[in-house]
Each structure stands twice: as C-alpha cells, then as structure tokens.
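A.B. asks: Read off the chains here:
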Amino acid sequence: MFAKTYSTSQIVDIGRIMTFLEINNIVQTLRALVFAAIYVVWARGVSSAGRFDGPEGLVLLGKGILVLIGATVVAGIVLHVIGMIVTIVAGQESKPGEMDERDRLIDQKSFEHGITCCGLGLLAAVIALWYGWGAIWGFHLILAGFTAADVLASALKFRAYLRGSP
Amino acid sequence: MSKGVISNNIRRLRFDAGEMTQKDLAEKVGASRQTIVAIEAGKYAPSLQLAFEIAVAFGVPIQDVFSFEPS
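Those sequence lines, one after another, are chains A and B. Numbering of the first sequence is given in this note's numbering, commencing with residue 1 and proceeding in unit increments. Numbering of the second sequence is given in this note's numbering, commencing with residue 167 and proceeding in unit increments.
Just chain A, same shape as in the assembly:
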C-alpha cells in the first residue's frame, strides 16, 4: 500500500539532479543493508538449527561468508553499471566514475570514519573472545563492524554532498 513506483522518466529526472557518485553512494548503501539482512537471517537460521556448534560450524560460517562476499561484489558491479546507464541516459554532465578534488576529499574523510568503525568491530570481536563468546560470535562482530563502517561512510558521504563540503 505504501510502495511507490517510479516511471522511467522519474528515474531519469533523479539522474539529472544527482551526480553518478551521489546515486551510486545511495544504491551501494542499500546493497550493504540488504546483504547484512540476508546474513542475519541466514546466521539466525543456521544458529537455531545448531549447525554452528562444533568445529564444523566454523567451516560452514567460512563458506557462508565467502558466498556472501562473492554475491556482494557481483551485486556491486551490476548496480554500478546500472547507475552508469541511468546517468548517461539522463544526460548528467559529470561522467560516471569521474572524481574531482572535492569528491576525493569527501571519499577520504568518510573512509577514515569507516576504518574507525571496522576497528571497533575488531575490538568488539576480541573482547567477545576474551569473555568466551566463541569464534562464531567473533566473526559476527567483525562482519557487523564492516557493515556499520560501510553504512556510516556512505551516510557521511551523503551528508557531505548535501552540505557541499567534506
């Protein structure tokens, strides 16, 4: 009932207003959130079935993470290409993938905050291991750190583009 559909011309209008980098930033954030949700659902299912128990649990987790990384990379490339097509069709003057000094500065500053978030995830994992939570939880926390870093960096980029300055 609340779903809103966009026509092709409306999508083209979005491509005119926002640069490729801004559109790509939003789309990649959504991708990160979707894959994080998929991971949570999968991990909860596996955990409740007791398949994370024992040494086989880490093997299963490793396989799951590798599949997820592969799917994330493929989705990222596909969305990147779609974004390029939308901006080209929209006649956006900034060429897809082209960055100037302000873009690079925005990218660098948001990356710095993202790295901090990754570090916090790693620290949380080490503390969890120290408290005897187990390696599975350590991996979950590291992945949570990566996802949070991705989303935080994107949110900071979005805010910087709205403000106009890094």
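Don't read these hints as lab results, they were simulated from the structure. One or more hints might be untrue.
Using 25 Å as the maximum straight-line C-alpha spacing, the simulated BS3-like pairs for lysine-lysine come out as follows [unchecked claim]:
{"#": "1", "chain 1": "B", "residue 1": "Lys209", "chain 2": "B", "residue 2": "Lys169"}
{"#": "2", "chain 1": "B", "residue 1": "Lys194", "chain 2": "B", "residue 2": "Lys209"}
{"#": "3", "chain 1": "A", "residue 1": "Lys109", "chain 2": "B", "residue 2": "Lys209"}
{"#": "4", "chain 1": "B", "residue 1": "Lys169", "chain 2": "A", "residue 2": "Lys109"}
{"#": "5", "chain 1": "B", "residue 1": "Lys169", "chain 2": "B", "residue 2": "Lys189"}
Which bits of chain B does chain A cover? Going by a derived footprint, with three or more residues having C-beta under 8 Å, they are [to be verified]:
{"#": "6", "stretch": "191–199"}
{"#": "7", "stretch": "203–209"}
{"#": "8", "stretch": "212–221"}
For each residue, glycine too, the CB sits at the ideal point set by N, CA and C.
Add chain B to chain A, keeping to what the hints say.
C.D. replies: This is chain B only, laid out in the frame that chain A set:
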C-alpha cells in the same frame, strides 16, 4: 587557530565573462559543476591548484577571484 572566511567573486566574474555557465567553468578547470556550485556558495574552499585554475579560466589574478578575511 582562527579559520577566517574565504569569499569569492565567481558569480560576478562569470557574468563579466558573458554569462559563462557553471558547467562551462567546471569543464575549463576540470572539476564537477557541483564543486563549482559549492565554491561559489562559499561552502567549499578549493585547493590552491583549483583556485589558480579558476583565476586562469577568467584571465584575472587569483586575488580578484578569492579574498581572505581573518576572523
């Protein structure tokens, strides 16, 4: 350390240059139109390199484009 305020005359210089568009200026200096918009609005202070390139694009000295007021 005081930051000071960097102001610019880009809007007037564009007008003097026959209503040069932000897009044209962006293409001349190798930046995006959004960056020119941000500089013109005083939201983004460009690097020295870009500031010089903007001055060269208008054919004026850099102090005619940007001015600094210490706070």
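A.B. asks: Each hint needs a verdict: does it hold in this structure or not?
C.D. replies: Do the hints match the structure? See the list:
1. A distance of roughly 14 Å separates the Cα atoms of B:Lys209 and B:Lys169; the hinted pair therefore holds under the 25 Å criterion.
2. The suggested pairing of B:Lys194 with B:Lys209 holds, with an alpha-carbon distance near 21 Å, which does not exceed 25 Å.
3. Under the criterion of a C-alpha separation no larger than 25 Å, the hint pairing A:Lys109 with B:Lys209 is consistent with the structure, at around 16 Å.
4. At most 25 Å may separate the alpha-carbon atoms for a hinted pair to count; B:Lys169 and A:Lys109 meet this at roughly 19 Å.
5. For the suggested pair B:Lys169 and B:Lys189, the alpha carbons sit about 29 Å apart, so the restraint of at most 25 Å is broken.
6. Remark: the stretch 191–199 of chain B is confirmed as covered by chain A, as 5 of its residues place a Cβ nearer than 8 Å to a Cβ of that chain, reaching the required three.
7. Figure legend: the stretch 203–209 of chain B, annotated as covered by chain A; annotation consistent (4 residues with Cβ-Cβ distances under 8 Å, at least 3 required).
8. Look at the stretch 212–221 of chain B against chain A: 4 of its residues bring a Cβ nearer than 8 Å to a Cβ of that chain, three or more, so the hint holds.
In this structure, only the earlier hint numbered 5 is contradicted, and the remaining ones agree with it.
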